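Undergrad: So the chains spell out like this:
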Amino acid sequence: MKAHLTRRYRFSAAHRLHSEEMSEQENAATYGKCNNPYGHGHNYALEVTVSGPVDEATGMVCNLVDLDGFVQREIVERFDIQNLNTLPEFAQTVPTTENLCAAIYDILRRGFVQAHLEKVRMEETMMNSFEYAGGEVHK
Amino acid sequence: MVYLTRKAEFAASHYYHNPDFTPEENQRIFGKCNNPNGHGHNYTLEVTVKGEVDPRSGFVVDLKQLKDTLRREVLDAMDHRFLNKEVPEFAKQIPTTENLAIVIWQRLTPKLKAAQLHRVRVYETPDLFVDFYGEP
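Protein sequences appear in the order of chains S and P. Here the working numbering runs 1 ahead of the position in the first sequence, where the first position is 1. Here the working numbering runs 1 ahead of the position in the second sequence, where the first position is 1.
To be clear, the hints were calculated from the coordinates, so they are not data collected in a lab. Just to be clear, a hint being listed does not mean it is correct.
To spell it out: a stretch of chain S is covered by chain P in this simulated footprint if at least three of its residues, at any positions, have a beta carbon under 8 angstroms from a beta carbon of chain P; those stretches are [to be verified]:
(1) 3-10
(2) 58-66
Cβ-Cβ distance ranges computed for the label pairs, FRET-style [what the hints assert, rightly or not]:
(3) P:Asp63 <-> S:His41: 45 to 53 angstroms
(4) P:Gln117 <-> S:Asn44: 33 to 41 angstroms
(5) P:Pro111 <-> S:Lys3: 15 to 23 angstroms
(6) S:Val114 <-> P:Gln117: 32 to 40 angstroms
(7) P:Lys8 <-> S:Arg11: 19 to 27 angstroms
(8) S:Ala29 <-> P:Asp63: 51 to 59 angstroms
(9) P:Ser58 <-> S:Met127: 34 to 42 angstroms
(10) P:Pro56 <-> S:Thr126: 24 to 32 angstroms
The model shown is predicted, which means the values in this text are computed figures rather than measured ones. Each residue gets a CB set at the ideal place from its N, CA and C atoms; glycine is no exception.
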C-alpha cells in the first residue's frame, strides 16, 4: 500500500533579494526591506515528502537513515550558515524561498533514488511557507 | 465537498524487528529502533473525513460520533500500549509510522457512517509524519 512520508529539517541562511534586471528603484519597490544590500537571514524549516509502497519486510516507504543522510549531506551542509547569494545555485536567480524550494527539489529529484519525491515545502518564517512539487518554476 | 480534520494524541511504545532477518540485518536496517525492550513516542493523529454538508445540521459529520469512534477504535487500543505486543495487527507487521497509519485507516474506515475517510496522518514526532489516503 502506498504511503506518504514527510520529514522536517532545519537550517539557517542569509540572503538578499535583488535582481540585476531591475533598476535600483524597482528593486527597492519590489523587495522592500529584503533588498538591504547587507542581506538578512532566516531559520528555514524544510519538509521533504516522499511516497511509495510500504515495504512488507521493513514496514517502510524508505529507510529514514538514507533520507536523513542524503538531506544532511546534500542540502543542510550546502545551505546551512551560508549566504545564499554567494552559492552557484543563485548566480542567475534571486534566492527567494520559491527559488530555494525549486533548487532543493532538483537536488532531491536528481540524487535521492530510494523513494518517489512528492514535494518540498519550506517555511521561511512561521508566517509564510512555499511548496514545490515539480513543473515549470519560472514564467 | 468539505473536509474536516480531528486531532487526537496517544503515547505508545514499539520496536522494529523482522523475524525473517538475521540479528545483524535487523540491527543494520532498524538501528536503535531494534532494541527489543522498546522505546516510545507521543503520537499525534489527524483524521480527515470528507463529505457533503448536511443542510439541516450544517455538519459534514457528527463530531461527537467521530470522537467516539476514534477513542474506541484507536485510542483505547493504542494509548499507553506496547504496540508490538498489545495491538493484534502488529503481531505480524512492524509498527512503523507507515503501518500505523494504514492500520488506523483500516480500523476507522468500516466504522464511519456519514462521512468518508480522506486521510490518516500520524506524527511520530513533530519532525516526522506519514499520510495514508487508502491507496493500494
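Undergrad: None of the hints should be skipped; say for each whether it holds.
TA: Hints, one by one, checked against the model:
1. For the region 3-10 of chain S, the stated coverage by chain P holds: 8 residues have a C-beta nearer than 8 angstroms to a C-beta of that chain, and at least 3 were required.
2. Check on the region 58-66 of chain S: 8 of its residues sit with their Cβ under 8 angstroms from a Cβ of chain P, so the three-residue criterion for coverage holds.
3. Our hint of 45 to 53 angstroms for Asp63 (chain P) and His41 (chain S) holds, since their Cβ atoms are close to 49 angstroms apart.
4. At about 39 angstroms, the CB distance of Gln117 (chain P) to Asn44 (chain S) agrees with the hint of 33 to 41 angstroms.
5. The hint said 15 to 23 angstroms for the Cβ distance between Pro111 (chain P) and Lys3 (chain S), and at roughly 20 angstroms that hint holds.
6. Restraint check, Val114 (chain S) to Gln117 (chain P): a C-beta distance of roughly 35 angstroms satisfies the suggested window 32 to 40 angstroms.
7. Between Lys8 (chain P) and Arg11 (chain S), the C-beta spacing of about 23 angstroms keeps the proposed range 19 to 27 angstroms intact.
8. Taken as a hint, the range 51 to 59 angstroms holds for the pair Ala29 (chain S) and Asp63 (chain P), whose Cβ atoms sit roughly 55 angstroms apart.
9. Under the hint 34 to 42 angstroms, the C-beta atoms of Ser58 (chain P) and Met127 (chain S), about 35 angstroms apart, fit the expected range.
10. A hinted range of 24 to 32 angstroms is violated for the C-beta pair Pro56 (chain P) and Thr126 (chain S), which are about 41 angstroms apart.
Of the hints listed earlier, the one the structure fails to meet is number 10.
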